[in-house]
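Assemble chain B with the ligands onto chain A, guided by the hints.
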Amino acid sequence: MARRAGLVASPAPVSTEPPSPEVAGGAGSGGGLRLLVERREAAIFVVAVALFLYFTFATSAFISYANFVTLTQFLAPIAVIGAGEALLLTAAEVDLSAGTSFIFFPFVAYFLWANAGLPIGLAIVISLIAAACFGAINGLLTVMLDLPSFVTTLGTLFALDGIMLLTSNGVQDTFSLSGTGGSILGNYSWSEVLWALFLVAGMFVLFHRTRFGLHIVATGGNQLGAAEAGVAVRRVKVWTFVLCSVVSAFAGIIDAVRITTLDPGNDGTLEMFYAVAAAVIGGTALTGGRGTVIGAGIGAIVLGVLYDGLNIQGVSAFYFELVLGVAILLAMAANVQLRRVAMRRWRVVR
Amino acid sequence: MSDVASTPSEPDGDRSNEILRIEHIRKSFGAVVALRDINLHLNRGEVLGLVGDNGTGKSTLVKVLSGFHRPDAGRILIEGTEVTLHSVRDARRQGIETVYQDLALIPQMSIYHNLFLNREMTFGGPVRMLSNRKMRRLAAEYLADIRVSIPDIDATVEQLSGGQRQAIAVARATRSEVKILLLDEPLAAMGAKESSLIIDLIRDLSARGVSLVIIDHNYTHLFELCDRLNVIEQGQITLDTAVRDTSLEELTAYMVTEYRKQIMAGRPDASS
Ligand SMILES: Nc1ncnc2c1ncn2[C@@H]1O[C@H](COP(=O)(O)OP(=O)(O)O)[C@@H](O)[C@H]1O
Ligand SMILES: [Mg+2]
Chain A
1 MARRAGLVAS PAPVSTEPPS PEVAGGAGSG GGLRLLVERR EAAIFVVAVA LFLYFTFATS
61 AFISYANFVT LTQFLAPIAV IGAGEALLLT AAEVDLSAGT SFIFFPFVAY FLWANAGLPI
121 GLAIVISLIA AACFGAINGL LTVMLDLPSF VTTLGTLFAL DGIMLLTSNG VQDTFSLSGT
181 GGSILGNYSW SEVLWALFLV AGMFVLFHRT RFGLHIVATG GNQLGAAEAG VAVRRVKVWT
241 FVLCSVVSAF AGIIDAVRIT TLDPGNDGTL EMFYAVAAAV IGGTALTGGR GTVIGAGIGA
301 IVLGVLYDGL NIQGVSAFYF ELVLGVAILL AMAANVQLRR VAMRRWRVVR
Chain B
351 MSDVASTPSE PDGDRSNEIL RIEHIRKSFG AVVALRDINL HLNRGEVLGL VGDNGTGKST
411 LVKVLSGFHR PDAGRILIEG TEVTLHSVRD ARRQGIETVY QDLALIPQMS IYHNLFLNRE
471 MTFGGPVRML SNRKMRRLAA EYLADIRVSI PDIDATVEQL SGGQRQAIAV ARATRSEVKI
531 LLLDEPLAAM GAKESSLIID LIRDLSARGV SLVIIDHNYT HLFELCDRLN VIEQGQITLD
591 TAVRDTSLEE LTAYMVTEYR KQIMAGRPDA SS
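Heads up: the sequence lines are chains A and B, in that order.
If you're matching positions, the first sequence starts at 1 in my numbering and goes up one per residue.
If you're matching positions, the second sequence starts at 351 in my numbering and goes up one per residue.
Bound conformation, chain A alone (with noise of 0.2 Å):
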């Protein structure tokens, strides 16, 4: 609407004049200041450098093997699914249900491999399928209904925990797997965390360097006019929807095999909530059209040093919601600041 505003009210466009010099000449005065705007990880990547620092010379054990893996395994998930976040937020929608797909569908494949004698591959590879179908029933509902997937992902999250409930009678069961497969699995110390680094590069990768990418900021930065252009908007939806179920389940599951454990008890609101926070610390607008996968990830890690830091130093995990809730309105505050910022600086005639 503002843009619509900004048509009319601008009577004296200049596009057949030299170019400003501040807004060619890229670097120069504000060159700092662009690149935080530009590169919207940069702003956290300090933060999570400096909490990095100040963890390390503030505490003995923060700088250590046994604690870089407890950290990493801590921010894998949540780098998962806070880059498929990161997507879904950039097209304007958000999953509610990505972290019950994350505890919900290891129990699938627990389900097919224990019970139904599936080999693990296979059991895990229709797991991700049904994972997949959830997904789209996500995107499905958003865009044939019309309604927000605020809405519709916050059904479909009860609904899944529900079933989950139902099918396992709320009884915990212990997924343990062995031998090289279950070392790629989880059980090897850093395979989460090489997951992780795999699936957001590859989540990266799809995001900045091909058509979907585009076309899923295209969707959240304007759904009406991307149309008109003629991007499927409602296709784009619904695929990145799958694509956030099947990251958040395949987490899951290499999540469950480390721990062992699948604890029906969770409901994932927790995780999802996390990712979330990753992904808008990151940089990622609510409102659609600016989004970073790599911020999701920094924010991730930001995330993860806090927890592991505060919790180290003998703080309340108390501190840690408290923090984190900080960060998030500041992570917000500031993305909607610096862009002002920009605007004025690198504005033509608006």
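One or more hints might be untrue.
Said to hold, decoys possible - Here's a subset of chain A near chain B, in silico, CB distances under 7 Å, partners left out:
no., residue
1, E41
2, R209
3, R211
4, V217
5, A218
6, G221
7, N222
8, G225
9, A229
10, G230
11, V231
12, R235
13, G289
Please keep in mind that the hints were generated in silico from the structure rather than gathered at the bench.
Every residue gets a Cβ at the ideal spot worked out from N, C-alpha and C, and that includes glycine.
Relative to the frame of chain A, chain B with the ligands by itself:
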């Protein structure tokens, strides 16, 4: 100048020169009838001006022809052959390009990504990657070609002025092979200098044989640019006249008379 016959399908001479003909097109949005019964034709290389008050269905007509809306009824013929435009992509395949009234640009995306939106260049496989460098270069070249000056090809569209945005939207529609160009108020946010740039571009395209439909509220522009004018009222074409058969004064008088008629008839939306 005379009102159009209500039956466009009657034999009215040679149609071999027609690139586009639409017959009895109807489009409603729920209870709102946007297009009641549209009949018009466009000749090869012709510039057709479409005039009408706000809300008379001009943009809806453009969106039907761009493949964005499916009409409820009626026929579209391109070069004498009936076509169904299933999608925007479909219409583009037929050589129809559109500059929408809302421009259909993505504010957060770079100028060159906007220019190539939905026609991105890619390379490799099985996952095809964007050829960003190539798109960037071609976009800069094309904009220089048509003398649209922008601050920085990497700038996002939200950083541009209204006129610059309009120039980008026009550039996107004209960059590739176009047979029929639909322009929905392309000069609305433009200053005099930019307007003349776009007017030159339209003349240039017309000289190269492109057929154009242009919507504009500025009759002076229309008389400068168009070969023929159609007036649209309440989703119907009520007047079809060659520009040489009429004048600015006559058209203005006609529109005022029609407007008065509507007020007399007590149309609630006539004053809007
Ligand atoms: N997508 C839509 N949904 C509902 N009504 C619409 C839609 N598009 C246009 N209309 C209605 O159709 C009528 C014609 O609109 P439009 O074609 O935009 O007119 P114009 O471009 O001549 O101003 C208006 O009454 C408008 O409110
Ligand atoms: Mg209009």
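Evaluated hints:
1. Of the supplied interface hints, the one on E41 (chain A) is violated, with its beta-carbon coming no nearer than about 16 Å to a beta-carbon of chain B, more than 7 Å.
2. For R209 (chain A), the interface hint holds, the least distance from its beta-carbon to any beta-carbon of chain B being 5 Å, beneath 7 Å.
3. About 5 Å separates the beta-carbon of R211 (chain A) from the nearest beta-carbon of chain B, less than 7 Å, and the hint is met.
4. Of the supplied interface hints, the one on V217 (chain A) holds, with its beta-carbon coming within about 6 Å of a beta-carbon of chain B, less than 7 Å.
5. This hint holds: A218 (chain A) has a C-beta 5 Å from the nearest C-beta of chain B, less than the 7 Å allowed.
6. Taken as an interface hint, G221 (chain A) checks out: its beta carbon lies about 4 Å from the nearest beta carbon of chain B, inside 7 Å.
7. A least Cβ separation of about 5 Å between N222 (chain A) and chain B falls short of the 7 Å threshold, and the interface hint therefore holds.
8. Annotation: interface hint on G225 (chain A) holds; nearest CB of chain B at approximately 4 Å, less than 7 Å.
9. Hint status for A229 (chain A) relative to chain B: holds, with the closest Cβ pair at about 5 Å, below 7 Å.
10. This hint holds: G230 (chain A) has a C-beta 3 Å from the nearest C-beta of chain B, less than the 7 Å allowed.
11. For V231 (chain A), the interface hint holds, the least distance from its beta-carbon to any beta-carbon of chain B being 5 Å, beneath 7 Å.
12. Interface hint at R235 (chain A): violated, since its Cβ lies 11 Å from the closest Cβ of chain B, which is beyond the 7 Å cut-off.
13. Interface restraint check for G289 (chain A): the shortest CB-CB distance to chain B comes to about 4 Å, inside 7 Å, so the restraint holds.
Hints 1, 12 from the list above are not met by this structure, while the remaining hints are.
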